[in-house]
Amino acid sequence: MLLAATDLSKRFGGVAAVRRLDFHLDPGEILAIIGPNGAGKTTVLNLLSGVFPADEGRIVLDGTDITRLPAEDRCHLGLGRAFQVVQPFPEMTVRDNLMVGALFGARQRSLAEARKRTEEVLALTGLSGRAAMPARDLTLAGEKRVEMARAIATSPRVLLLDEVMAGLLPQEADEMLAVVRAVRETGVAVLFIEHVMRVVRDLADRVVVMDFGEKIAEGSYRDVTGHPKVIEAYLGTEETGGA
Amino acid sequence: MRWAGPAALVVALLVPLVPAGGYQQYVVQVATFVLINAGVALAWDIQARTGQLSLAPAAFFGLGAYAYTIAALRGVPLPVAFLLGPLVAGAVSLGLGVVTLRLQGLYFAIATLAFAEVVKVIFKELPLDLTGGAVGLTAPPLLGGHQTGLYYLGLCVLLLVVAASLAVRHSRLHYAFTAIRQGELTARVLGVRVVRTKLLAFVLSASLTGLVGAYATSRLFFVIPEDTFGIGLSVTALATAIFGGVYTTAGPVLGAIILRSLEEGLRMVLREGYLAVYGVILMLVILYLPGGLVSLWNRRARDAAGGD
Amino acid sequence: MMDLFLQTLANALIQSGTYALASSGLALAVGVLHIVNFAHGEFLMVGAFVAYWLSVLAGIDPIVSLVPAGAVMFAASGVIYQASIRRVLLAPELNALLLTFGIGITLQNLAVLVFGATPRVVHTAYQLTAVTLGPVSVGVAPLITLIVSVALLAGMYAVLYRTGVGKSIRAVAQNRTGAHLVGLDVDRIYLLTFGIASALAAIAGAMVLVRIGASPHMGFGFVLKAFAIIVMAGLGNLTGVLWASLVLATAEAFVRTYVPGGGGAAEAVFFLLIFFTLVWRSWRTA
Ligand SMILES: Nc1ncnc2c1ncn2[C@@H]1O[C@H](COP(=O)(O)OP(=O)(O)OP(=O)(O)O)[C@@H](O)[C@H]1O
Ligand SMILES: [Mg+2]
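Chains as they are written, first to last, in our numbering: chain A, 4 to 246; chain B, 613 to 920; chain C, 17 to 302.
These are computed hints drawn from the structure, not numbers from a lab.
Don't take each hint at face value.
Here are some of the chain B residues that sit facing chain A, going by a computed Cβ distance under 8 Å [as the list claims (entries may be wrong)]:
| id | residue |
| --- | --- |
| 1 | Gln637 |
| 2 | Tyr787 |
| 3 | Leu797 |
| 4 | Thr798 |
| 5 | Val804 |
Sample of chain C residues with no beta-carbon within 10 Å of chain B, all distances over it, derived [to be verified]:
| id | residue |
| --- | --- |
| 6 | Met18 |
| 7 | Thr24 |
| 8 | Ala91 |
| 9 | Gly120 |
| 10 | Ala127 |
| 11 | Gly132 |
| 12 | Arg136 |
| 13 | Thr140 |
| 14 | Ala141 |
| 15 | Val156 |
| 16 | Tyr173 |
| 17 | Val175 |
| 18 | Gly180 |
| 19 | Gly280 |
| 20 | Leu288 |
| 21 | Ser298 |
No residue lacks a Cβ here, since even glycine has one placed at the ideal position from N, Cα and C.
Given the sequences, and given the hints that come with them, work out the whole structure.
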């Protein structure tokens with residue numbers, strides 16, 4: 004097990020955003036977390052990446068207990084994260100956005116090394132042509148790409164992606180899919196949140212389904228989509244996916 | 613703009629040699645004040661690059677000034693007293709930084725302002741034989757008070773601040789500072805050690821301000837709480853940096869050259885109230901030219917290069 | 017012993033009236049427009065000078081002049097709002113801070129240019145009389161300023177909580193977008209609120225003129241203290257301003273009375289309080 008969460012809980016006032024959640028991620032695996040809006044998926048990533056502390060439970064990354072570590076330390080230990088609500092540094096160029104990840108991420112790099120890493124990731128994510136653009140001038144699709152590329156630039160062992168394909172055209176989503184696959188080929192494990200079911204089907208080795216903060220099902224794409232609880236959870240919500 | 617820096621340096625070196633007749637002394641004096649203002653403004657800017665808007669430059673300037681004066685009056689060799697300026701300012705800023713580092717934006721600004729006022733009052737109220745109270749102290753001059761020598765010493769001080777600014781700009785720190793300013797949480801998630809970096813910026817900026825404070829005192833020959841710790845100094849620092857162009861090395865220096873010369877010109881006409889210029893400029897720049905003067909240049913360069 | 021204590025308390029109460037008046041305007045602007053108006057102290061100074069010149073040139077009593085002083089600043093702040101403030105409302109908060117800082121410095125130094133830096137005082141009959149209540153003696157002038165402050169603050173609360181306009185202002189303060197959606201003209205409410213806030217500052221200025229005097233540099237000390245008060249109260253919390261004014265004025269008065277050479281230290285008390293309140297809050301919530 005590369006990453007394991009046990010008994011993870013987080014409350015916001017009266018809302019139990021995440022409740023006694025257990026899950027793990029194996030080396031080289033791609034795990035999807037799905038669930039209706041407000042199920043607590045983003046909160047799980049916030050707990051993992053250290054945006055705020057968990058109320059209860061434990062998070063272990065490759066044998067190290069990271070439950071109480073601040074966000075920057077978790078990044079240094081190999082957690083790279085892309086936010087659902089994109090957070091590019093608006094006045095920095097696309098290239099400089101990636102430089103931040105490359106310089107301070109899981110590997111501390113010199114300027115020269117970071118520049119090299121940045122160019123690699125720019126090429127991998129298809130951003131080379133826009134590298135000199137200020138991030139604020141990007142389209143949403145471009146911003147999502149920078150968000151993911153910056154996390155990749157940190158050289159993570161686990162990549163946490165939060166709906167990086169939401170709002171993209173099918174072709175753009177396909178390009179992002181190819182990038183995630185390519186990253187996995189380099190031995191990085193991926194945990195991603197996604198509403199687009201086609202992406203989940205094509206990409207995930209395993210799927211965790213959340214509803215009201217709890218895990219309601221876990222297994223292969225086929226297993227979970229046939230699960231009665233999952234069908235119930237999604238019933239009445241809009242048909243998810245572009246399959 | 614590659615030539616601009618070296619050209620400015622050459623001009624600065626030549627200032628005392630300009631044949632200005634009876635105005636020779638005056639020209640050197642104004643140029644010295646420009647150096648002082650540029651130093652404080654640029655030191656302020658270095659910290660501003662992390663998004664922490666400090667209203668306490670006056671406190672660190674004053675600490676540097678008093679450290680030099682008090683030590684020098686007690687027989688400490690002048691060069692050592694001079695170095696105490698940045699050391700004392702840096703040490704105090706480390707303490708202040710540690711307690712204020714969780715404050716954001718506005719709250720940080722107000723806390724630093726309050727701090728500066730407390731320090732001023734403390735220096736007024738300390739025992740008379742130590743700080744001279746409200747009337748202050750007379751400071752022993754460096755280099756025997758030799759005007760041209762002191763001008764070149766001031767140039768060295770400013771060059772040191774410029775070097776620090778350029779070092780930050782062309783190192784990993786530049787990325788850390790900018791990332792923190794534009795999104796602190798995101799920066800943390802990308803591995804930037806925010807607390808450490810902010811503290812570094814704070815202490816670096818305060819030490820440099822303290823250095824300029826010690827220098828200014830060795831040139832002005834006195835310290836007075838109301839002036840040396842005065843809010844006017846902080847206002848000038850940030851107005852100068854904002855006018856010239858924040859987050860750059862050239863901006864604050866350019867701003868100081870123009871604003872301080874303007875101020876001296878106005879001072880000949882008006883005995884008081886010339887600070888109004890700083891107020892008006894602050895207003896106009898915030899409203900119409902948020903990037904300051906250097907952004908005019910950068911915009912032209914960008915248009916010419918077609919992007920970047 | 018007891019007498020001195022009571023006298024100090026009375027002084028504190030009077031001072032807190034002025035502080036509350038000066039800070040309420042600032043708190044109002046913060047709460048509704050979400051800007052910290054650094055020029056607030058200079059607005060106070062403008063009010064003091066309007067009252068001063070009306071007294072010198074037209075022989076109008078400064079207490080009466082609080083009406084024209086408030087009116088002048090209300091109108092002037094409208095111009096300032098339209099020409100500058102409204103353009104930075106959506107910019108990063110520090111832009112607004114720097115802008116108002118610039119406005120304040122400009123006003124202050126213009127005042128120096130026009131009026132000179134020397135403090136001015138007015139002379140009225142009631143400044144020399146005092147009322148005695150047991151061991152406590154209070155000047156009539158300070159007493160009037162306290163009564164005026166209390167009346168004005170009560171009036172402000174009545175407007176905010178009992179009238180339609182007040183309701184709109186509170187709605188905008190709570191949720192700008194929501195208020196806009198239900199059809200409120202947010203921009204006009206901002207203009208109005210900024211006007212009221214500025215007028216309160218000017219009126220406080222006229223009060224200070226009666227008690228102390230007017231000088232171009234008087235504003236800065238007040239704005240710093242007003243900051244201390246609204247920060248202690250919690251930014252935008254109007255009711256908090258009242259007790260924070262009381263606490264700070266009391267702390268200041270007692271330091272002045274009981275600490276040897278406490279005049280200067282009293283100033284520091286304010287800034288120490290503001291500093292530690294901010295820091296303490298930041299560490300507690302983190
Ligand atoms: N910072 C926060 N403060 C208060 N409540 C929060 C916070 N973050 C999340 N919540 C609440 O926790 C619950 C779970 O939110 P979360 O964002 O994790 O859902 P999600 O599964 O990511 O939803 P979506 O699919 O819409 O992104 C929601 O009820 C949300 O309102
Ligand atoms: Mg989410």
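Consistency of the hints with the structure:
1. The beta carbon of Gln637 (chain B) is not positioned within 8 Å of any beta carbon in chain A (closest approach about 44 Å), and the interface hint is therefore violated.
2. At about 5 Å, the closest approach between the beta carbon of Tyr787 (chain B) and any beta carbon in chain A falls short of 8 Å, and the interface hint on this residue holds.
3. At about 7 Å, the closest approach between the beta carbon of Leu797 (chain B) and any beta carbon in chain A falls short of 8 Å, and the interface hint on this residue holds.
4. Contact between Thr798 (chain B) and chain A, as hinted, is supported at the beta carbon level, the nearest pair being about 4 Å apart and thus within 8 Å.
5. Interface hint at Val804 (chain B): satisfied, since its Cβ lies 5 Å from the closest Cβ of chain A, which is below the 8 Å cut-off.
6. Non-interface call for Met18 (chain C) relative to chain B: holds, since the shortest CB-CB distance, roughly 29 Å, exceeds 10 Å.
7. Residue placement check: Thr24 (chain C) keeps its beta carbon more than 10 Å from all beta carbons of chain B (closest about 20 Å).
8. No beta-carbon of chain B comes within 10 Å of the beta-carbon of Ala91 (chain C); the shortest separation is about 19 Å.
9. Listed as outside the interface, Gly120 (chain C) is inconsistent with that label: its C-beta sits roughly 7 Å from the nearest C-beta of chain B, within the 10 Å cut-off.
10. A beta-carbon of chain B is positioned within 10 Å of the beta-carbon of Ala127 (chain C); the least distance is around 8 Å.
11. The claim that Gly132 (chain C) lies off the interface is violated: its Cβ sits roughly 8 Å from the closest Cβ of chain B, which falls inside the 10 Å cut-off.
12. In this structure Arg136 (chain C) is separated from chain B by more than 10 Å, as the shortest Cβ-Cβ distance comes to about 15 Å.
13. A cut-off of 10 Å between C-beta atoms confirms that Thr140 (chain C) is not in contact with chain B; the least separation is 29 Å.
14. Every CB of chain B is more than 10 Å from the CB of Ala141 (chain C) (nearest about 34 Å), matching its label as outside the interface.
15. Every C-beta of chain B lies more than 10 Å from that of Val156 (chain C), the closest at about 32 Å, which supports listing it as non-interface.
16. Non-interface call for Tyr173 (chain C) relative to chain B: holds, since the shortest CB-CB distance, roughly 26 Å, exceeds 10 Å.
17. Remark: the non-interface label on Val175 (chain C) is consistent with the geometry, its nearest Cβ contact in chain B lying 27 Å away (cut-off 10 Å).
18. With a cut of 10 Å on Cβ distances, Gly180 (chain C) stays outside the contact zone with chain B, its closest approach being about 31 Å.
19. Its closest Cβ contact with chain B, about 5 Å, brings Gly280 (chain C) to no more than 10 Å, contrary to its assignment away from the interface.
20. Not every C-beta of chain B lies more than 10 Å from that of Leu288 (chain C), the closest at about 6 Å, which undercuts listing it as non-interface.
21. Some Cβ of chain B comes within 10 Å of the Cβ of Ser298 (chain C); the nearest lies about 4 Å off, and the non-interface call is violated.
When the structure is compared with the earlier hints, violations turn up for hints 1, 9, 10, 11, 19, 20, 21 and for no others.
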